[in-house]
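2 protein chains.
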Amino acid sequence: MKLKVYADRMSQPSRAVLIFCKVNGIDFQEVKVDISKRQQLSPEYKEINPMGQVPTIVDGRFKLFESHAILIYLACVFPGVPDHWYPADLFRRARINSVLDWHHSNLRRGCFTYVINMVLGPALGLRLDPQAAAEAEKLLSSSLSKIESVWLKGNGKFLLGGLQPSIADLSLVCEIMQLEVLDDKDRVRILAPHKKVQQWIENTKIATSPYFDEVHNVLFKAKARYQEQRLKSWSSSGTSLKSKM
Amino acid sequence: MKLKVYADRMSQPSRAVLIFCKVNGIDFQEVKVDISKRQQLSPEYKEINPMGQVPTIVDGRFKLFESHAILIYLACVFPGVPDHWYPADLFRRARINSVLDWHHSNLRRGCFTYVINMVLGPALGLRLDPQAAAEAEKLLSSSLSKIESVWLKGNGKFLLGGLQPSIADLSLVCEIMQLEVLDDKDRVRILAPHKKVQQWIENTKIATSPYFDEVHNVLFKAKARYQEQRLKSWSSSGTSLKSKM
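Protein chains in written order, with full-length UniProt numbering: chain D, 1 to 245; chain C, 1 to 245.
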């Protein structure tokens, strides 16, 4: 039975798992779980993942959720996945685990909370909260600084000085890509100070081409939609300003 | 060269690593990093862990931080650690990874944020924030419910139906133990609805005895200190109330 990946490409951990499968030639079936329609909370889906989150994989009778656990499982179980994704060497593996653990309470928390409170909240039934966004931006920016000064220290193209990407590169870069839905001025303000991070994102895109862009396409379309909405809202506020003058 | 564990026993991930080492007879040297004195932010410590957090291990020339990564490393590298802590079986291992990943954004975030905003904040130079505590309590309580209905489903003594503990049991139980510093009425209100969780905490204590209590002793002492402060503050507010009557 083919591996099933339950995912929504608007979710960054979903994208990481999908790109990993495609890059490594893993034969799988993608099953769309539409978060904007709350499908992850349906009783049918909760039979697969009682936490009501994406992604989840079903491999035969084995169900697994949490994207890092999934990436590690796929790297270890599927034959032919190159060693650099999750090295057998225990020291290199331990350092990748360290990045992945750090990610949860730092980059992920900052980035996710910022984007939800700046743009994506209403699509998920949440209100935008500028104060929460401001707090999250601090954590996001300090996390990007840490990535640059700690994980990207040295001359490697990837985290931990790697010449090829690991699952940590994929997970963290997919998280940062979520910033695409922001207004450009916000995204540029946040990323501009971090030149090494920008180069690393580019390196990860290239190393996972063409699947990186293919899987992110839905995000690029969302970016265009949000940008259009912003232009309309500015233009209508301009009109109302004029009409008051 | 002996393994060094840089830790503060008031930190729950530090305690998990220390208990793991002791239970498994790993020969190590504990190096106290006093968080209340900001020692984790000193330039010397940042040479070891640039993120300025505890715990960190130094094993020969190898430095590692993030407690889950450390526990996995120790379980894989040190001979004689029983398999149940982090099974070689890829399916069981994957499910333990899933619990550990879930922990970060759920139980840990809820519990840590609650305790910091209810009690421990001032010791770390932060102010108490009742609104943040109230928000955190929701996440904490829903996480305890999920542990009970998902991870403790069935009749196992430990998470995932285990008959013996894994590193996930140790990590999550050490987190919940942080609630000891709360006023008893708050701790009881939070834990009372979760009978299976209470039994599982007890099972984990017994399975790691006598080291569990030994390593938690500093927390029990802190609990007594905070309780004394509360009594004093109530008694003086009672006096001032009386004097106003």
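Calculated directly from the structure, the hints in this document are not laboratory data. Please read these numbers as outputs of a predicted model, since none were measured by experiment. It cannot be assumed that every hint is accurate.
No copy is singled out in the list; a pair is fine if it fits within one copy or between any two copies.
[Stated by the list, open to error] Mimicking BS3-like on lysine-lysine, the simulated pairs with C-alpha atoms at most 30 Å apart in a straight line are: (1) Lys2 / Lys138; (2) Lys46 / Lys4; (3) Lys157 / Lys37; (4) Lys196 / Lys4; (5) Lys4 / Lys146.
Cross-check of the supplied hints:
In this assembly of identical chains, Lys2 and Lys138 lie within 30 Å of each other by CA distance neither inside one copy nor across copies; the values are 43 Å within and 39 Å between. Only within a single protomer do Lys46 and Lys4 lie at most 30 Å apart by alpha-carbon distance; the minimum there is 15 Å, versus 43 Å between protomers. Taking the shortest alpha-carbon separations for Lys157 and Lys37, neither the intra-copy value of 39 Å nor the inter-copy value of 37 Å comes in at or below 30 Å. Taking the shortest alpha-carbon separations for Lys196 and Lys4, neither the intra-copy value of 35 Å nor the inter-copy value of 32 Å comes in at or below 30 Å.
When the C-alpha separation of Lys4 and Lys146 is checked against a cutoff of 30 Å, the pair qualifies only between copies, where the shortest distance is 24 Å, while the shortest distance within a copy is 35 Å.
Of the hints listed earlier, those the structure fails to meet are numbers 1, 3, 4, in rising order.
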